[in-house]
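**Student:** Here is what each chain is made of, one letter per residue.
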Amino acid sequence: MKKIVKWLFYILLFVLFFAIFMPKRYLYYAFEHEIKKHDVIISDERIEESAFSLLLQEGTIYIKGAEAAKFEKTAIYPDILVNLIQIEKMRFQLLPEVEIEKILVAYTPLYPVKAFIKGQSSFGPVEGAIDLKSRRGFIDILSTRPIPFMKSIEKGRYRYEFGY
Amino acid sequence: MNLAINQSFLKFLFTLSVIALLAKIASLPLYFLLPHFGVDKSKEYTLNIYHKYNLAKAFGLIPAKSKKSSPKKPVYQLTNLKLKAIYSEGKNGVIAIEEKGALIFLATGETFKGYKLIEVKPDRAIFEKDGKHYELKLSDEGLKGKYILPPQNQAELNPDEVRFAILKRDIERFKKNFNEIWKNISLQEQIDPKTKRLEGFKVTRVNKESIFGKIGLREGDIIIGANNRKFRSYSDVLKLYNNIDKYNSVKITIIRNNKKKDLEYEIY
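Taken in order, these protein sequences are the chains called A and B. Residues in the first sequence are numbered from 1 upward in steps of one, following our numbering. Residues in the second sequence are numbered from 1001 upward in steps of one, following our numbering.
Because the hints were derived from the structure by calculation, they are not lab data. These numbers were taken from a predicted model, which means no experiment stands behind them. Note that CB positions come from ideal geometry on N, CA and C, so glycine has one too. Mixed in with the good hints there might be a few duds.
Said to hold, decoys possible - Taking CB as the label site, the calculated pair distances span:
(1) B:Leu1022 - A:Lys151: 49 to 55 angstroms
(2) B:Arg1169 - A:Arg145: 29 to 35 angstroms
(3) B:Asn1207 - A:Arg91: 36 to 42 angstroms
(4) A:Asp44 - B:Lys1168: 24 to 30 angstroms
(5) A:Phe138 - B:Phe1012: 45 to 51 angstroms
(6) A:Lys102 - B:Asp1170: 45 to 51 angstroms
(7) A:Leu12 - B:Lys1230: 25 to 31 angstroms
(8) A:Asp39 - B:Glu1110: 25 to 31 angstroms
Could you put together the complete structure from these sequences and hints?
**Tutor:** This is the structure we're talking about:
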């Protein structure tokens, strides 16, 4: 038993060191190349790499050549076990009234079919999920006011569905 | 005792170093396999070489055209024109004139058959030709300062294809103050329940006094596309929105009372 705990500890240490040493900037570049295939470009962002995360500041997201959204800060925490993306102060060109104050996208290879979304917007709390198998996702905003471009699925819950 | 602690501590440090080294070695292939540059949206430059260098002209293959002063022909009488609509702000504006059943839009500074539109007043347009001023009054007194044609006139022209005039500066204003759009209009996306694809945007609220009301949008209309292309995603809408100031005209296709209809806008 003691030996198993010891080896688990070593594996955890390995994961930790791997997260520190992995070229986060290059991983992000690879991600950029991948999303470009779907006509999505993240541009003009300032990239800062730290031991555990990659920080993107003041970026603009373009979809099919058109400006879709701007964000102030995005922190990416890549890891073997849990990957987190935390976006702060995001504004959409088409939905200017909706400002994402903070949103967290979490993905773990231990549950590889879904990524989870949770956060806070100017309208209220945000919840959502991306089904990586069917390549579809949704974002729900819990709001007492109607939100343009979002359909109401139940009282106080507005949904935006997307596919990729 | 101390020696034993030191020894176990050193062993731990050694193990730690080995793990760190292994992690570093494991991450090394990523440095070589992953791209070393990202993707940025570059500015789109176009170079039209033909316009820059006319090779035929440069080698003297095309003789230079000598400017001939052609005598000006008195071709048009202002009384033959009908002023159908006016949009004015100060001295500038846009007018719609009717000639042989067709509508022609003119902005101040533009010339029509030699007549330069120099001023738009709430009830008349002032043209200039050969140093003389010509006045064209609204054909219907009731049309004063209207932005669009009255529905009966629209129907006379073509009930399925209605043309409106939009000023470029209005578009620029909305591009700068995006929130103003949502104060005057509410849109709700329409998703096909079977295919789960975007079908269009339903106008759920429109302020009749706003530009959206005046350009012909009504509650219940479903905007399904623009410029002969259907909206398939938000990015199609975004693309139109981002490039709207580059167009001289935009055609919006709507469904009104289960009937397809085109609304055409000339942008001045």
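**Student:** Is 45 to 51 angstroms respected by the C-beta to C-beta distance linking Phe138 of chain A and Phe1012 of chain B?
**Tutor:** Cβ of Phe138 of chain A to Cβ of Phe1012 of chain B: about 48 angstroms, so the range 45 to 51 angstroms holds.
**Student:** How does the Cβ-Cβ distance of Arg1169 of chain B and Arg145 of chain A compare with 29 to 35 angstroms: does it lie in that range?
**Tutor:** Once the Cβ atoms are compared, 31 angstroms apart, the range 29 to 35 angstroms for Arg145 of chain A and Arg1169 of chain B holds.
**Student:** Given the hint of 36 to 42 angstroms, is the C-beta distance from Asn1207 of chain B to Arg91 of chain A inside that range or not?
**Tutor:** 24 angstroms, violated
**Student:** Tell me if the beta carbons of Asp39 of chain A and Glu1110 of chain B are separated by a distance inside 25 to 31 angstroms.
**Tutor:** Between Asp39 of chain A and Glu1110 of chain B, where Cβ atoms are some 38 angstroms apart, the hint is violated.
**Student:** Is 25 to 31 angstroms a correct range for the gap between the Cβ atoms of Leu12 of chain A and Lys1230 of chain B?
**Tutor:** Violated, since Leu12 of chain A and Lys1230 of chain B (Cβ atoms, about 53 angstroms apart) do not stay within the stated range.
**Student:** Does the hinted range 49 to 55 angstroms hold for Leu1022 of chain B and Lys151 of chain A at CB?
**Tutor:** 51 angstroms, holds
**Student:** Determine whether the Cβ-Cβ distance between Lys102 of chain A and Asp1170 of chain B falls within the hinted range of 45 to 51 angstroms.
**Tutor:** For Lys102 of chain A and Asp1170 of chain B the Cβ distance comes to about 36 angstroms; the hint is violated.
**Student:** Indicate whether the distance between the beta carbons of Asp44 of chain A and Lys1168 of chain B respects the range 24 to 30 angstroms.
**Tutor:** 27 angstroms, holds
Against the hints set out earlier in the document, violations occur for numbers 3, 6, 7 and 8.
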